[in-house]
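There are 2 protein chains.
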Amino acid sequence: MGKEKNSFVVKVPKGTKDWYGKDMVIREKIFSTITNVFKAHGAVTIDTPVFELKEILTGKYGEDSKLIYDLADQGGELCALRYDLTVPFARWLAMNTSIQNIKRYHVAKVYRRDQPAMTKGRMREFYQCDFDIAGTYDPMLPDAEILRITSEIFESLGWKGRYTIKLNHRKILDGIFQVCGVPTEKLRTISSAVDKLDKSPWAEVKREMTEEKGLNEEVADRIGEYVILKGGRDVLEKLRADEKLYANESAKAGLDDIDLLFGYLETFDVLDKISFDMSLARGLDYYTGVIYEVVTEGSAPQTSEGQALQREGKKESKPKKGPSNIDGEEDRSNDPSVGVGSVAAGGRYDNLVGMFSEKANLPCVGISFGVERIFSITKQRMEADASASQIRTTEVDVFVMAFGGKGFDGLLKQRMEIAKRLWDAGIKAEFSWKVKPKLPQQFKAAEVNGVPFAVILGDEELAAGKCKVKEMGLPEGHPEKDGVLVDLATLEVEVKKRIEGAKSKASLEGAVGAMSMEGAAGAPKTA
Amino acid sequence: MGKEKNSFVVKVPKGTKDWYGKDMVIREKIFSTITNVFKAHGAVTIDTPVFELKEILTGKYGEDSKLIYDLADQGGELCALRYDLTVPFARWLAMNTSIQNIKRYHVAKVYRRDQPAMTKGRMREFYQCDFDIAGTYDPMLPDAEILRITSEIFESLGWKGRYTIKLNHRKILDGIFQVCGVPTEKLRTISSAVDKLDKSPWAEVKREMTEEKGLNEEVADRIGEYVILKGGRDVLEKLRADEKLYANESAKAGLDDIDLLFGYLETFDVLDKISFDMSLARGLDYYTGVIYEVVTEGSAPQTSEGQALQREGKKESKPKKGPSNIDGEEDRSNDPSVGVGSVAAGGRYDNLVGMFSEKANLPCVGISFGVERIFSITKQRMEADASASQIRTTEVDVFVMAFGGKGFDGLLKQRMEIAKRLWDAGIKAEFSWKVKPKLPQQFKAAEVNGVPFAVILGDEELAAGKCKVKEMGLPEGHPEKDGVLVDLATLEVEVKKRIEGAKSKASLEGAVGAMSMEGAAGAPKTA
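Line by line, the protein sequences give chains A and B.
The opening residue of the first sequence carries number 1 in my numbering; numbering runs sequentially from there.
The opening residue of the second sequence carries number 1 in my numbering; numbering runs sequentially from there.
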């Protein structure tokens, strides 16, 4: 092949990035934390193609459809990269009508031609972790389990006390709009305006409702009295005591759902993480029942007009500090979580599958976890408490080395033989790919990767049928600081025993911090 | 949202598929088998975007460039879906010049606008598992470790004795072509012709060389004498004894490499899996040293002209049975592996990184495992020995049930409380999402998913502070067939003890077949 050089900048496409090193280890740990919870609740995983027929995605995302990446027309079918994992799941259910109920999770990349904001974890290519339940069950039981799963995941990530699940119900919202006097044809567009309360003050949203969308000002003011409500059972009781509202069929159905759900959430020990919030509306059209979003402490500052919380990939929240900031005047501009937006969101969508096939219609409820945002927050918290520096990127347990005096030939064949024996025994091992490596270089290679054990070969020891096993990073004065001689014949057993011992010791230490990485817990403090 | 119905067929794009159910479990097991071996050799993983700037891919794949999927030009950069994982890896190395050596693996989907052959595992979207070593080391040591890893992977997959690693060296091939009299400007095009020997007889390849590519017939005949050579050290000795060939600088360098490599492979216990094969040429331009491909028994039948082995995504091998078939006349038309082609392939590419940045040039060697093909063969072998039927798709350990007589209220709250306690204890559990489920329905739900244990609640037992733990599928007459009563207070401990017991019993049984799935090993035989 020639030596032709490129004349362009070598880079990744805008809004995408390479993942490697410690970032990759942290992200993998987040994936496994999330999927382990999914599995504990009986989920199976499916995998759908990264692109779909264009017409599958058409008409599902409203005005966000402009963010869809199309494939070039190179002859054949017209395709587009998936925008989320929910529509492909619904398409799959419509194609597999024998499946009448399923709990499925799907961890995969999705694509949006959006303005990237990399530091806040808003990318054009990003991972979602979705969990959805399809099937007909008694009311609110799958919905309750989704919220229980959500809570388990953030507890497992070590976010105890640092996240809130905002909850609302489409039928309650519709009921509120109806009793306030919103004409039926304006229900969805007024809902979209309310959806902006997470980033805009009420005055702005009201202006949009009245000036742009032609709503009567009195109607808007009545809506304004509802959307500031948030809390727990107190809000539920207040709304049920609102005779005009509770007389509305839609509102009543929604409020009764929430009442049932609250009981289940109490049993599941989740109710104290819930904020029942009338300003939560969710952008997507397809929700039909409960809707929810998870925000973490300081996702965005609050204002007196309601919570200014950034949500969805497309929105940027700039922390605004009004004089009436009810949380006080603390400066959060260095808080990694400010502006990151919601870290998970979802709801019930009972009609989406039916859009693909009437006979396949199946009620569904689900949630999507935004891994990049969870990653951004996790990483900055780890850097703050210095636990990031302890992360290992490889899992190697043993570095096989050799040393010798004058005439030392490197013992390459012997190092290879020992490495082979360790691999055969299921032990993770490396050795230097040099014929005659120097001992300090071999130690350095082991230390750089945090390898916890060295097997050290020398001519004399080999002649006596022995070699040295050394735990790396033992303190000065430790009786085994210089390693212990073991019989070559039982090397695998001796090494395994020491690896197990170090691991069970590390897992005891690691139990202290929920988010300490497995790799970090196993990493030796090199001397 | 309205009830507008689509007027198109709901399907996936051509050459793509959804993965779910047992197929998904088998594929996940293949992934973990492969990546566990990578990790045992000190590999780290990286993740690159699914699309690259178009110019990154340009000029890397020769005539296969027409198979690249472009993204539509929607303004901004021109991008294309990745064709393999090697070029993105080289691009990443060129962008990260501080990284002077790395062992990286990458498991991800790649895209080729090719004619699909789904039953043989040839797709337009498919997974590759790549392992590559970048860095400057003593000769042939990384190359030997790649082949050791390859062997470990197929042994771990249970393919002992059923696979062959075909090996050659670009410098030997170039040397052969030179001594046979191929003009320098025709070296690559003649190499491409030899590459077709895996699917075409020699007569056809010779015709291409002479009639299409204008090679002198005597030169072609001389090449014909070399490319039929295959074996082990015998072939190496024969070629080194060929004075004219060994006097060629390129051939000598390649043969000395192979000599060194054979020594290392012997130490690594891999040499007996190698077929040193002069007909192996590999399609891609960028290889500079050793090249290899893994074929499994009967990947394609042999002919007297050499091995007719299908390779690369684009080729279809139709089992041809010539009268001179040297393997005998057995009919392999039902052999799942016939026509599947190579299951892994790779080689050394020392100049690819330098194509992106001269100062970043790094020698590399790697291999790519074709997961879909390995999956096709694995699945059909599992179906043949009936082990596929034992695969579980979920990992749930406990189904929480309730039963009662007249006036039974379903004990929903109690079932939820017990499920919550089990989840809190890290136990995977489900319960029925019905307020008043019938006992047979609950047993059926547990059996369908192969859940190994039931926790059964009843009013009387609860009043006594107890509940029943039942291992599913115990034979008639077993003392614990109807379950055992345990104290509610110590339920988690009792359940965990039983799950551990069943797992260690199952793993003993599971050790019999290397490819028996973990889930299958843990699955109960329901009564």
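No lab work stands behind these hints, which were simulated from the structure alone.
Please note that a few of the clues may not be correct.
Stated by the list, open to error - Taking lysine-lysine pairs in the DSS-like style, the calculated list, with each CA pair at most 27 Å apart, reads: (1) A:LYS160 to B:LYS17; (2) B:LYS497 to A:LYS39; (3) A:LYS359 to B:LYS505; (4) B:LYS54 to A:LYS109; (5) A:LYS497 to B:LYS39; (6) B:LYS413 to A:LYS428; (7) B:LYS39 to A:LYS54; (8) A:LYS497 to B:LYS496; (9) B:LYS54 to A:LYS39; (10) B:LYS413 to A:LYS273; (11) A:LYS497 to B:LYS503; (12) B:LYS17 to A:LYS428; (13) B:LYS66 to A:LYS39; (14) B:LYS252 to A:LYS39; (15) A:LYS497 to B:LYS252; (16) A:LYS503 to B:LYS39; (17) B:LYS186 to A:LYS413; (18) B:LYS497 to A:LYS109; (19) A:LYS434 to B:LYS252.
Stated by the list, open to error - Covered stretches of chain B (in silico footprint by chain A; criterion: 3 or more residues with CB under 8 Å from a CB of chain A, positions within the stretch not fixed): (20) 8-15; (21) 400-409.
Computed from a predicted structure; not experimentally measured.
The C-beta atom is built at its ideal place from N, Cα and C for all residues, glycine as well.
Now for the hints, and whether the structure bears them out:
1. A:LYS160 to B:LYS17: 40 Å, violated
2. B:LYS497 to A:LYS39: Measuring from Cα to Cα gives roughly 20 Å; hence the hint holds.
3. A:LYS359 to B:LYS505: Given that 27 Å is the threshold and the Cα spacing comes to 45 Å, the pair is violated.
4. B:LYS54 to A:LYS109: Judged against 27 Å, a Cα distance of about 20 Å means the pair holds.
5. A:LYS497 to B:LYS39: Given that 27 Å is the threshold and the Cα spacing comes to 20 Å, the pair holds.
6. B:LYS413 to A:LYS428: Violated. LYS413 of chain B to LYS428 of chain A sits at ~47 Å, over the 27 Å cutoff.
7. B:LYS39 to A:LYS54: At roughly 39 Å apart (the allowed maximum being 27 Å), LYS54 of chain A and LYS39 of chain B break the hint.
8. A:LYS497 to B:LYS496: It holds: about 25 Å lies between the C-alpha atoms, which stays within 27 Å.
9. B:LYS54 to A:LYS39: 39 Å, violated
10. B:LYS413 to A:LYS273: Judged against 27 Å, a Cα distance of about 20 Å means the pair holds.
11. A:LYS497 to B:LYS503: 22 Å, holds
12. B:LYS17 to A:LYS428: With a Cα-Cα distance of about 35 Å, the restraint between LYS17 of chain B and LYS428 of chain A is violated, given a limit of 27 Å.
13. B:LYS66 to A:LYS39: 42 Å, violated
14. B:LYS252 to A:LYS39: 56 Å, violated
15. A:LYS497 to B:LYS252: 47 Å, violated
16. A:LYS503 to B:LYS39: 17 Å, holds
17. B:LYS186 to A:LYS413: 41 Å, violated
18. B:LYS497 to A:LYS109: Given that 27 Å is the threshold and the Cα spacing comes to 39 Å, the pair is violated.
19. A:LYS434 to B:LYS252: Judged against 27 Å, a Cα distance of about 22 Å means the pair holds.
20. 8-15: holds (count 6)
21. 400-409: That given contact is violated, which follows from only 0 residues of the segment 400-409 of chain B lying within Cβ reach (below 8 Å) of chain A.
Checked against the numbered hints given earlier, the structure breaks hints 1, 3, 6, 7, 9, 12, 13, 14, 15, 17, 18 and 21 and satisfies all the rest.
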